[in-house]
Amino acid sequence: MSVWFLPLLIVGTTILLSIPVGFYLAWIVDGRYRAPGWLRWLERRLDTGVQNWKQYALSLLLFNTLMFVFGFFVLAAQSSAPLNPDEKGMLAPTTIFNTVSSFLTNTNLQHYYGEVHLSYWSQIAFIVWNMFVSAAVGFCVLAAMTRGLRGDEHMGNYYLDMWRVVVYVFLPASLFGGVILMAAGVPMTFDKAIEASMLEPGAMGKDDKGDPKSQLIARGPVAAVLPIKHFGTNGGGFFGANSAHPYENPNAWTNYFESVSILIFPFSLVVMFGRLLGQMRQAAVIYGVMLSLFVAMIVWAVHFDTQQPNPALAGLPVDAMDMGNLEGKELRFGTSAGATFSAVTTAVTCGSVNCMHDSLNPLAGLTPLTGMWLNCVFGGKGVGLVNLLVYLIVGVFLAGLMVGRTPEYLGKKVEAREMKLAMLALLIHPILILGPTGLFAALSWGTEATSNPGPHGFSQILYEFSSASANNGSGFEGLSDTWGFNDAKPEPYNTRPWDIATGLVMLLGRFIPIVAPLALAGSLAAKKRTPFTSGTLRTDTLTFGFVLLGTILLVGALLFMPAAVLGPVAEHLGPIPF
Amino acid sequence: DLIVWLPSLFLLGLGVMALMFLFLSCCEKV
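Just so you know, the sequences run in chain order D and H. The first sequence begins at 1 in our numbering and counts up one residue at a time. The second sequence begins at 1 in our numbering and counts up one residue at a time.
In case anyone wonders, no lab produced these hints; they're calculated from the structure. Everything numeric in this text was worked out from a predicted model, so none of it was measured.
Quick list of in silico lysine to aspartate or glutamate cross-link-like pairs, DMTMM-like style, CA-CA up to 20 Å:
| id | chain 1 | residue 1 | chain 2 | residue 2 |
| --- | --- | --- | --- | --- |
| 1 | D | K527 | H | E28 |
| 2 | D | K413 | D | E153 |
| 3 | D | K192 | D | E87 |
| 4 | D | K54 | H | E28 |
Work the whole structure out from these sequences, hints included.
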């Protein structure tokens, strides 16, 4: 079967589903769903009244600060909390800080192994809870920004939006997804790990007394975590091996289902945006630009990974089957599933993985990096489209200057204040990636943590900070960045700077690009709508689509070109002969 | 050392969130 069948099936299904789902989301976000009486009573309790952009952003920050406190206490109290049949111990403080920052920001970067370090209580009360609410935060930001661009007098109410997104969107979707995955064999139990006797005694080695060791098979409430892990573009796996683990992704069908569930909301939110504005042509231009970038990412990854051999194995008998680079892949999903998933999971800042990104061919490794650098190829649900709207505002400004027209978007003039806020939101991303990458590459913090020297080691450092800043959470892996339990021996001191630095990058990379666009939308909302004339720069045409694409590539991608040359490109070219 | 590291990192996280509130008020004045 062609290597292109799976990516075509995934993208085709998602496009078809995104239209009805987008309409449903607009119906929910606009408050037109009439819930049962008891749910409406709860809604009224949460509704603190309409908010302007500043009140909305304040509510968002206050909620997230409380979630940071809550998460910190839940993880710090793990060893004395219930639902801990495997008696998981106290986590190291830096692991707690990193994990709380990670799940608060929808990143799900994991400097721990789920089945080793977390109790079922931590998985449910901390991980699943954060997966629902952090995913809803991005959704709410887009809803508020859309209301501002639409010219509403207010931005809505943050708490009411959160409620609607969690209860009317994510909960039903996750219940549906959980049943599907359980039927496919994903475990859902609170029983402790299984101690299995081996058919071949001693296959797991022998203990101090010379008796054969049994095998410990981890399990748990996996089906509760998995659906929202993907629907919320969270990506944090129940198991360390994430969606490569057979309990987390049993077969090719679940891989297809998980791929579509990662993409469905980011695709649908563009449709929702057009529906809420009442201008589907505006959404169609954005959808087209995002889709063209996304298809390019998949084609690049599959071409350079599935259609090219692993350079280290090229010419050997194992390469004779012409199946591409199979290192770090799970063949039960199909040969192109790893490369496809790497593009899917990084385009929409999910971070779930079904193959080892460290083992992708050097140029194929550029795909996940590019997805995280651009951070707007559909992007995380809500925040991805917000990032693209910021690019769009910059594009309108540049195009307006070039053709001598007043820059405006949806009838609102784009002036100096909007541009300052847009550039604040855009420039924080490269600063948070390139600054720490340079620092760690220069210090022993980086050089002693990488599993490879040279360009590949640099790529590992670059990937980690790209993933943290983009709130993606996938790992290139190969880094020593796990402390885990506080009593780990010998103490892995070198993981401390990684835990703290990536934790800070995740927090800053989450909230600055949320607050600045909200201020931008508030600024535009306060302006009078200018009438459409023959001198107005149209933003719903194919021509403007190319302007937007050019803006993203020139402003977004070029910033990272030098880093890409030092990492994946240098590795592809091989040792420099001088 | 839990006595040193736990409260320090907890306050570091709260400090970053406080910085975000400050950033919010800066955005208002841009």
